[in-house]
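Peer 1: This is what each chain is made of:
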Amino acid sequence: MSGRPPAEDIANSAGATDRTPVDDADVCIVGAGPAGALVADRLADAGHEVVVLEAGPRFDFDDRLARQEKAIRPTYSRPDVWDSDPERDAHSNSGEWFYPLNHARARGVGGSTLHWQGMVMRLHEADFNSASERGVGTDWPIDYSDLRPYYLAAERAIGVAGGDNPFAPPREEPRPMPAFEPSYSDSLFAEACDELEIAMHPVPNARNSEVYDGRSGCVGYGTCQPVCPSGAKYDGTVHIESAEEKGVTVIDRAAVQRLEHDADRITAATYATPEGEHRQEADTFVIAAGGVETPRLLLLSESEQYPEGLANSSGRVGQFFMDHLFAGMGGTLDEPTRQNHVGFLTSETHQFYDDADDEFAPFKLEFFNYAGPSPVEMALTGDDWGDDLLKRLQDGYGTHIAMGGLVEQLPREDSYIGLDESTTDNHGNPVPDVHWNVGDRALRTIERANEIQRSVLEELGVEIEWTAGPDSTGPAYHHMGTTRMSDDPADGVVDADCRTHDLDNCWIASSSVFPTSGAMNPTLTIAALALRVADTVDEAL
Amino acid sequence: MKLTRRDAAAALAALGAGGAAVAVGHNSEDGRRSDDDLDEAAIRETMVAAAEVLYPDAVTGIDDFVTTFVDSRLTGETHAAGVADAVAAVNDRAESWYDDRFAALDADTRDSVLREMAADTAEPRREGSTAEEVRYYVVNELLLALYSSPTGGELVGIENPQGYAGGVDSYQRGPQA
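Line order of the protein sequences matches chains B and U. For the first sequence, UniProt numbering gives the first residue as 1, with consecutive numbering after it. For the second sequence, UniProt numbering gives the first residue as 1, with consecutive numbering after it.
One chain only, chain B, in its complex shape:
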C-alpha cells in the first residue's frame, strides 16, 4: 500500500494563468507532445523565441498516483485516466474497421507519451525503401543514414535502456543506459526459442534502468501503460519543462482553431482558451499535433487559396492513415510464470522482420511480462470477498503466459482522416472522422506471426487459450501517414525536411509524415524527425 492521494481529488490546477499570445515569436509550435516538446527545447537552445500551444491541459505530476488509481479501479475507463473530454475529443468512425481513438491518445502537455508503453526501436533500413526493397508501398525521400545521427540524439534526449540486437540496423554507439535484465518468463521462453532457433534480444525501453537526466530509475509500479507515477518512463513533459526553463512559453488549454495564411505562409494561429480566443503570430510554425489532429487542423484551415485544406495542393492531407496491427497468442502453463510484476517488456525478436516482401509485411514478436490478469484489478471485480475472493485470485493468477507482435500496415488511399461535418466538438468545429481500413498483406502477416507464436507456445507446453489473429486484431495506437513526406509535391504534403510543399514557413513534426509505417513503435522515429526539424527550422530562421 502506498500513501495514495484519492482519484476523486485530482485538482487540475497546474495550467497556465496567462494564455495571451507571445509578442515577437520566432516559432509557434502546435502540440505539446514529444515532437513539439523536443522541437521547442532545441529551438530554445538555439536562442529563438518559441511558444507552444496545447489543446489539452497541463497535468500536475503530483497527481500521478491518483491517476494510477484510475488505471486500476474498474470504475474508470482508460480515457478517464488522462481526463479525456467527450466533447473536446469527439470523433467519428466511418471506416470498415472501428478505431477507438480516445483509447489511443492522451491530450495535454506531454501528449500520448503520458500513456504510452515506451518502446523505442529504430526503423530498419529497408523500412525507408519499401517500394524498392519489398515491392510495395512507397520509398521515403530520406534513408536510414539521414536519420541515423538523429536516432542517436533522440535516444540520448529521451533516455533509452537497451542492449544488443543482431537484427537491428547499424549503430555507432550503445544506448545511454544498460538494458533491463530479462524476466523470469523470458527464461522460460528462451528454452523454447533455443529449440526453434529463434533469437531473443532486449527491448529498448524509454524507461530508466538507472537514474538518468535527473529522473528516477524504474521502481516497478507496474502501470507503465497508462501512467508512470515515478517519472522513470520518459514522456514529453520532460522536454516541455526543459524548454520552459530556457524561456519557451507553453500555453495549455489553447485549442488551435485555424491557421491563418496567405498564399505561401502561415501568418497566425487562432486559438480558443477558457478565457476567450486569441491570435498567435510567428515567423515560423511547426505543427506537432499527431496523426489525427494535424491533418484535421489543416483541413479546418481551408480557404479560397486552399479550398481542399491548407497545405493540401496534393490532396494527400489525411490520406494513408496507418496503424500497426497487433498479433498475439497466450494461454497457461502448468507452472508459475511470474507475470505482472512490472508493466514493460524485456525481450523481443526482430528475426523475421527483414523477410518482408510484397506478400508479407515486416513484423516483430514480443515476449510478455504482463500476461493474464493483474490480481488487484481482479480483486475489484466480482461479487466475492474474504477467503472466497482470495481463492479466486490464487486460481486466476500465476500461470498465464503470452506473446505479442506488431505488423506493418501499408498506406492506402481508402484509409484516411477526414472531417465529419455533421458532428462538432466543444468549439463547434467538425470532428475528425477516422476512416481506417486494412489490407490483405497485413492480415496474412498476422497469420504468419500467429504461426510462429503458436510454435513457440506449443514448444513451451502452453495450453493456448486465446489468439489475436486476422479476425480479432486491433490497432497498436500508433497514428501515422496522414501528411506524408515525399519529394513530389503532387504526392506528399511535406518534403524531405518535413516542410510543407505549399507553405514556406510551416513544418510538420509528427508520425503523420511517415510514408510507410514499418512495424516498429514509432516514437523514436518521431523524436529523431523532430530533432531534424528543429535543425532545419533553426537554419531557416
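Treat the hints as calculated values from the structure; they're not laboratory data. All the given hints hold, so there is nothing to weed out.
From the derived model, a few chain U residues whose C-beta atoms are all more than 10 Å from chain B: (1) ASP92; (2) ASP99; (3) ALA103.
Reference excerpt, derived from the structure (chain B facing chain U, CB under 7 Å, subset only): (4) ASP9; (5) TYR184; (6) GLY220; (7) TYR221; (8) GLY222; (9) VAL342; (10) SER374; (11) ALA379; (12) ASP383; (13) GLY386; (14) ASP387; (15) TYR397.
Just so we're clear, the structure is a prediction, and the values are computed from it rather than from any experiment. Idealized CB from N, CA, C, for every residue including glycine.
Once you've looked at the hints, dock chain U against the given chain B.
Peer 2: Same frame as chain B, but now just chain U:
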C-alpha cells in the same frame, strides 16, 4: 499473514502531525446529505470492521493497516465526503436492521449487512446508488488497499503487485527464489 509497517509505510508519511480532524461533513452542493457529520474515529472504526469481513482470514494486523490507509485517504476532501456518505449508509442500515452500529455487530452480521445492501453485486460508482457508492468507497477502497500492498500480493503469489513500487528485482526471480 500480517500486514506490517512496510505495507503502511507510505501512508504513514501522509499523516499530518497531531492527526488534526479532517472535515468530512457532506457537501450539499451535489444534493448529497449534509447533516450526518461523521468524525474520523467513526470512519476508521467502520472501515476496520468492514475490512475484517472483506479481507481473508489469513490476514492480521488489519486495525493499524486500515487506520493508516484511511487517514491518508481522508486528506482528499472529495474522497473524504464520499467515504463519509458510504460509511453513514452502512451504519444507517446496521442500526435500522440490527439495532447497532456496524462495528458493534459480529462478523457474520457485518457480512450480511454489506450483502443486503447489494455492495457485493453493485457496480462501483463514485456517484451512484447507495449500493454502488458503498461498493466504491468501502468495499473496493479496502480491497485496493490490501491487494496493491506487498502482503496482499504475497497472499496471491505476487510480491510486487500492480500499484506498489516494489522495484525491478522480483520480476526476474523464479518461483523458488
